[in-house]
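Visitor: Listed here are the chains, written in short residue letters.
2 protein chains.
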Amino acid sequence: MKKVGVAIVGFGTVGAGVAEILQKNRGLLLARTGLDISLVRIADLDITTDRGVAVDPSILCTDAFAAVADPAVDIVVELIGGTGIAKKVILAAIQAGKAVVTANKKLLAEYGAEIFGQAAEKGVDIYFGASVGGGIPVIRVLREGLVGNAIQSIHGILNGTCNYILTRMENEGLPFDEVLADAQRLGYAEADPSLDIDGFDTAHKALILAALSYGVQFPLDSILVEGIRGLDGRDVRYAAELGYKIKLLATVAREESGVKVFVAPTLVPKAHMLASVSGVFNAAMIRSDMADDTLYYGRGAGRRPTASTVVGDIADIARNLAAGEVRHKNVIPKTGEPTPLMAASDMRNAFYIRLAVDDRPGSLGRITTALGGHGVSIAAALQKQGDEKPGAVPVVVLTHLAREADIREALDEIRASGVVTETPVFYRILKD
Amino acid sequence: MKKVGVAIVGFGTVGAGVAEILQKNRGLLLARTGLDISLVRIADLDITTDRGVAVDPSILCTDAFAAVADPAVDIVVELIGGTGIAKKVILAAIQAGKAVVTANKKLLAEYGAEIFGQAAEKGVDIYFGASVGGGIPVIRVLREGLVGNAIQSIHGILNGTCNYILTRMENEGLPFDEVLADAQRLGYAEADPSLDIDGFDTAHKALILAALSYGVQFPLDSILVEGIRGLDGRDVRYAAELGYKIKLLATVAREESGVKVFVAPTLVPKAHMLASVSGVFNAAMIRSDMADDTLYYGRGAGRRPTASTVVGDIADIARNLAAGEVRHKNVIPKTGEPTPLMAASDMRNAFYIRLAVDDRPGSLGRITTALGGHGVSIAAALQKQGDEKPGAVPVVVLTHLAREADIREALDEIRASGVVTETPVFYRILKD
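So the sequences go chain by chain: A and B.
Using the working numbering, the letters of the first sequence correspond one by one to residues 13 to 444.
Using the working numbering, the letters of the second sequence correspond one by one to residues 13 to 444.
Think of the hints as simulated: they come from the structure by calculation, not from any bench.
Just so we're clear, the structure is a prediction, and the values are computed from it rather than from any experiment.
Note that the Cβ used here is the ideal one computed from N, Cα and C, for glycine as well.
Some hints here could point you the wrong way.
[To be verified] Here are some, though not all, of the chain A residues that point toward chain B, as calculated from beta-carbon distances under 8 Å: (1) 37; (2) 41; (3) 43; (4) 44; (5) 45; (6) 147; (7) 232; (8) 285; (9) 288; (10) 305; (11) 317; (12) 319; (13) 323; (14) 328; (15) 331; (16) 346.
Okay, chain A solo, but in the shape it has when bound (with noise of 0.2 Å):
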């Protein structure tokens, strides 16, 4: 029976969970691999808060590299977070010949092409799995399961976070900034909580899922980013009257012209799977050539869900150690020709637009001509009962398929033309 020596390298909640799990299951992961998979080492600066989970006093040291060097360990594992210390830390551990487990998608949304060039290098495997989807194997899935698909498509809810908010404010009618407070208060949201509300902890998914999907890496301030900050509990109710459910969404996509990858806000139909994911729950939809429309659901957070993706992924090294082999040594493969990035203002969408109308004749039929002036055709209109200011009517337009930037001229143009009252607002709609 062989040995597999593991390194947890930053020892906080999903460190802990990891710890947990290489204890607790220890016999059910030798009877499933056949492999001793043993934690050797423990690194954190604080080696003395309690973490909820037993381990061995004499496995804790306080110096990272002291860990990775360490003889017996054969896989480090790093969840520190950020791109400092585990930058170094992977690098470390890579040079070292070990191989590395990381969840850290902002170091691999930012540093991927260098830290998988040197793993690569190197010869040794590099597994990210719970860095998407925390405990969905939707990573796992892009490299194996579909390993024969082209990918066409992948809409995801990726920050629970996010989610949970959404399914609050649609089911409670409640408005964003106190369901906001409420989830801090809960522990489901950062004091800071700009990373998730603000769509970059949902970004840096999306651009892992670009990288395996199309075998490029974007970097982050070249794609559309919108969180849902001040999202108005109006849209969540004119939506939920329209047959759409607004969640946060992450949109991977092959088109003709290029890739498109952006995260916004977007109406998702009521009967799509990915409306029925409420709370802090996560989910990927992916369409590929042969598999068609595949979905993968469960917790995109939390210690045991993410720490078993981890685990996941040591299983999966283990086995390849024991063989002798580096499995994916191809971590971002180039599947063709090098695939450019479509510009925001190409991508083609269904809109949902919201506009509050200056109650006088001819408001209407000008908005009706500013859109078709720019192209937009319009599915449907509708004058909601609302509680705008005065002398002004809550409209909201639903769009057919427009170019991003024929939206925004058309709107800037309606807003100048003074027959709104407010900026309009404006989502995008997952069509099937």
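With chain A fixed as given, assemble chain B onto it according to the hints.
Guide: Coordinates of chain B only, in the frame set by chain A:
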């Protein structure tokens, strides 16, 4: 670049799909695996019918065993189906030291232990990802992603024919026979639909999932299998009114006294993700100790989705072969003490019961007394406006958790007492 030779044995729907993917997406597979996965043999008794995929005629042959023996063949893909020649081909491949991929759920449900045993003895890989869930990677997830998890329960919609019929009954209010006839006309149901609608296909899959989860192979005739044949439209309607959809569910769960495995039409709460699975789509919800709930959704059958999973297995084995490794030595891992199968009579579920109650004073009282006398506690009872025979009133009872034997005895007593004009109907309810 290593070359891996594949033989497809059985050139039917799925075989043609595998040939299509291996040829059309060969470059993709090469980019992602670094291996040249090459289709070198196709064996079928009929090698003249056009399968809608162009193949080099020189690779076609009518002798399955010659294909298996061909030295260019490293992986034998068995897609004949059934338990006759398919079994012989697989065993011949194993004896010849070739790796095997199969989608044959019936064969594995009946002869899995023997086949896996021989594969282990000869030291060859056998993969069977497409035997459960078609294009959905539920087996991959059980073997890999959730490798660090103890499986608590699996609830699966694993037969597209049944789910198609149930979806149309629900959405269009049509009777079972009419939808079945339509499904047969459209090619969604076989001329002899028994394997699907009587639940046996789902049961084969449930037995494979139970084996992977708990290390035990139970025989088909040891488990409770109820299909959807003759399902009454009233039950679909009443269930909908009560907030449920009726789905043919495979249930596999670990309880204190053993493993619970059964297949039966089951009421699924509408807010449950499984209730959103419509038409021919399949899904499995897995609850495990670390990842908690995860769900996998997609097309459970069909040429390309099933072939997609077969190709995922082929790619995995190709990677194993390139590394000189047998990866899944331990196909049905013994993860603890041998686990007994719970007797169906001992299973505890919540129940939906429909009774045609004789419209006389005291009838309802005798029913509630009979249920209470067998320890069955009532959660809700509703008298419906119905289309029963004159003098009879439809009554629907929802119970709390109750022992199956107690329900059956109580209903026998109710029937014997003469207060019902039809045999009572009952279904189990999925509880979260």
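Visitor: Please go over all the hints and tell whether each is borne out by the structure.
Guide: Here's how the hints hold up against the structure:
1. 37: Holds. Min distance 5 Å.
2. 41: Holds, because the Cβ-Cβ distance from residue 41/A to chain B comes to roughly 6 Å (cut-off 8 Å).
3. 43: Status holds, d = 4 Å.
4. 44: With a closest approach of 5 Å, the residue 44/A hint holds.
5. 45: holds (7 Å)
6. 147: For residue 147/A, the interface hint holds, since the closest Cβ of chain B sits about 4 Å away, which is under 8 Å.
7. 232: violated (25 Å)
8. 285: With a minimum Cβ separation of about 6 Å from chain B (threshold 8 Å), the hint on residue 285/A holds.
9. 288: holds (4 Å)
10. 305: holds (6 Å)
11. 317: With a closest approach of 5 Å, the residue 317/A hint holds.
12. 319: Status holds, d = 6 Å.
13. 323: Since chain B brings a Cβ to about 3 Å from residue 323/A, closer than 8 Å, the hint holds.
14. 328: holds (7 Å)
15. 331: holds (6 Å)
16. 346: holds (6 Å)
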